[in-house]
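If you're matching them up, the sequences are chains A and B in order. Under my numbering, the first residue of the first sequence carries the number 580, and numbering increases by one thereafter. Under my numbering, the first residue of the second sequence carries the number 555, and numbering increases by one thereafter.
Hints are computed from structural coordinates only; laboratory data are not their basis. A virtual CB, placed ideally from N, CA and C, is assigned to each residue, including glycine. Heads up, a few of these hints could be off.
Restraint ranges, calculated between C-beta atoms of paired labels, are given here [to be verified]:
no., chain 1, residue 1, chain 2, residue 2, range
1, B, 747, A, 730, 51 to 59 Å
2, A, 706, B, 758, 20 to 28 Å
3, B, 781, A, 591, 29 to 37 Å
4, A, 813, B, 699, 31 to 39 Å
5, B, 608, A, 628, 20 to 28 Å
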Amino acid sequence: MSINKPFPLKRRQVIRGILATTAFGATTKFGTGCTPASQSQASSNTEDKPIVMGFIYVGPKDDFGYNQAHAEGKQGLAKLTWLKSVEEANVPETTAVEETMRNMIEEEGATVLFPTSFGYFDPHILKIAQEYPEVQFFHCGGLYQEGKHPKNVGSYFGYIDEAQYVAGIVAAHTSKTGKLGFIGAKPIPQVLRNINSFNLGARSVNPKITTQAIFTGDWALPVKEAEAANSMADQDIDVITCHVDSPKVVMETAERRGIFCSGYHANQAQLAPRGYLTGAEWNWVQVYSSYAEMIRAGKTLMNGGIPHLVRGGLKDGFLKMSSYGEAVSAEAKKDADAVKEKFMAGNMTIYRAGLKDNTGKIVVPSKDFTQTAIELEKMNWLAEGVIGRVAS
Amino acid sequence: MPNTYTWRGKLEAVCIPLAAILFSLLLFGVFCAAVGANPIAVYGAIYQAAFGRWQSFQNALIRAAPLMLSSLCTALPARLGLVIIGNEGAIVVGGLGAVAIALALSTNVPPLGSQVAMAVAGIVCGGVWIGIVGALRHYRGVNETISSLLMNYIAIALLNHLVGGPMRDPSSLNKPSSYPIPDVNMLGDLPGTRIHFGLIYGLIACAIAYFLIQRTTFGMAARIAGGNVRAAKLAGLPVGKLTLAICFLAGSCAGLAGMVEVAAVHGRANESLNANYGYSSILVAFIARNNPLAAILVAILLGGILTSGGILQRRLELPDATILVFQGIVFLVVLFSESLYGKLGVFQEKFDGNDRIGLVGSTASDRSGNVAG
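The following block holds chain A by itself, in its conformation from the complex:
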């Protein structure tokens, strides 16, 4: 050790010091580490156990879009005192969501889970559902198949294209150029159906209107969404709507370019106070409350009390329209409200027999497709009047 003289401590002393510090750190961490656990045990041991529901979102809760719509649905449950809900946002579609589901079940005592992202279903929800057969999993997107998937899995979704159809009517009344724009994430059935319904709604007012469709390629690509919105504004398109996870950028860009926009997923009126016309919004609080009431009444997926597939449109309260913006004319409001009434009454069909796609091929043959038609869930075409191509 002679070479280390200028340094006053011996090697052994240094090691001892490090060990002591580690031991101290470990013990203090033990103390704090146990506190939250004991608290949760205390609360779960109380007399009347609340029903615990877990909500999982793939993105942030304040994205002005898909995830915000679900988070608002969850917030709406706060007034039910017999129910406790926990949530986690920004959970990717990997083993992370399996871990989150497990934690919610084992640590928070959740018996009902709402993993809201489409991509959570296969394999993650299916895997965890098999592990916890007493827990109910409700997945947003509607993929449940009788006999193939576990009994404790259900799915729910809304026919939001009805709201897009109404928004299309408002857009057609407002547009001066007769050109509308739709920014979609991917050419998948859900997105195509919204594009087609928006376009059909617009063409029900003015058959000469066209809808330019642009696909960005992914659910959250703010830069591409802004580029698409800008290029649409450059092409004289004067009403834009979209189907991406967060419509924020599209709405802001449209507002900056001085054109109109129509919202999606949630209410984006505050992002575009001048140009926001209306919007197709989810009303998940309605769906989640009704699930909660059914579960409270002792109904489950397993005992057949709750149907495995739950669908609904405007009539069932699954959707709502954003309140009309300043730019919407009285005539547009009248037309849109009339169609909305027809949807509420249940006698409105969007996809009528004889409908052609934009290559001229008849895609709805002899019979009308009602909203429940399975063909609509497999849509792979763009209707007449839409400019664009289904290719990824």
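Place chain B on chain A using the hints.
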């Protein structure tokens, strides 16, 4: 006492990253206090969620598995003086390769054969992907950091194109995916746990990488080239071959991570392959100072930190980005702490005229990242 002259250097390599992590915990505590949470409760929650129980520790290990493998994609070339951040791309390409071969073989071969073929395909695809970066660097002088970063975007675009087009399973309506790998060919879990075999792959790959770099002439040559390319060339070392070989190995580790993702987790290729493991693993390599064995520990630590993101949201109602803030703080503090190597007197070997070995010891702890242990 043969080794006394290096222990201060080793201590420095352990203490500085540890201190950096402790300091970032402190900064994170300040952040939590600012958001309105009790920092002590936050630390407690992180500890409990990540390492408190075997159940939760398994979560940390599951998250650590892909991080370990793909961190080697940055750590190995770093010994050669290359900063490669194409981990994400190599994961994606490796996963695609593995799925392609699994679908081609289908159930015509026994499960083990299919798994080996998937692993080889993942290794080769990932290896070639980063090998391209190495080749561009060596033959065309293209900056490897930028090219590897840009290659990530190409890989992701390729993935989206293939699963949305040629490889698409028509029944995957709203989430375009490839056809699924037959269930029998999937990698299982380690007996008695829910940790998949990827963890074992990670441990083995890190051990091999350590041995290769520290205990073989090949690794020695790579480190020399990393220290000074011209000196290495003068000494007659094949720098070009070394670059290509190291880049291939680096990419193959990340490619294997991609194979594990599809073969143990997703069962098919789709956009979930691109889950940002690549970027987290760069952080792992940095904190581990490019030492493959340290990468194991750091990956578990980071896996644990990421795991605790959930409990912070559920129990403490902190925003979901909290854990990313923490990760960012750790990243920055570790980067800054790099500048401390060789500056702290405590860790410097003292030269005593009688003992020339002491001098050699002090140069060994220089800033080029050559951590002996």
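Each hint tested on the structure:
For residue 747 of chain B and residue 730 of chain A, the Cβ-Cβ distance of about 27 Å falls outside the hinted range of 51 to 59 Å, so the restraint is violated. Taking the beta carbon of each, residue 706 of chain A and residue 758 of chain B are about 26 Å apart, inside 20 to 28 Å as hinted. In this structure the supplied range 29 to 37 Å holds for residue 781 of chain B paired with residue 591 of chain A, their Cβ-Cβ distance being about 34 Å. Residue 813 of chain A and residue 699 of chain B have their C-beta atoms about 35 Å apart, which keeps the hinted 31 to 39 Å range intact.
Look at residue 608 of chain B against residue 628 of chain A: about 26 Å separates their beta carbons, and that is inside 20 to 28 Å.
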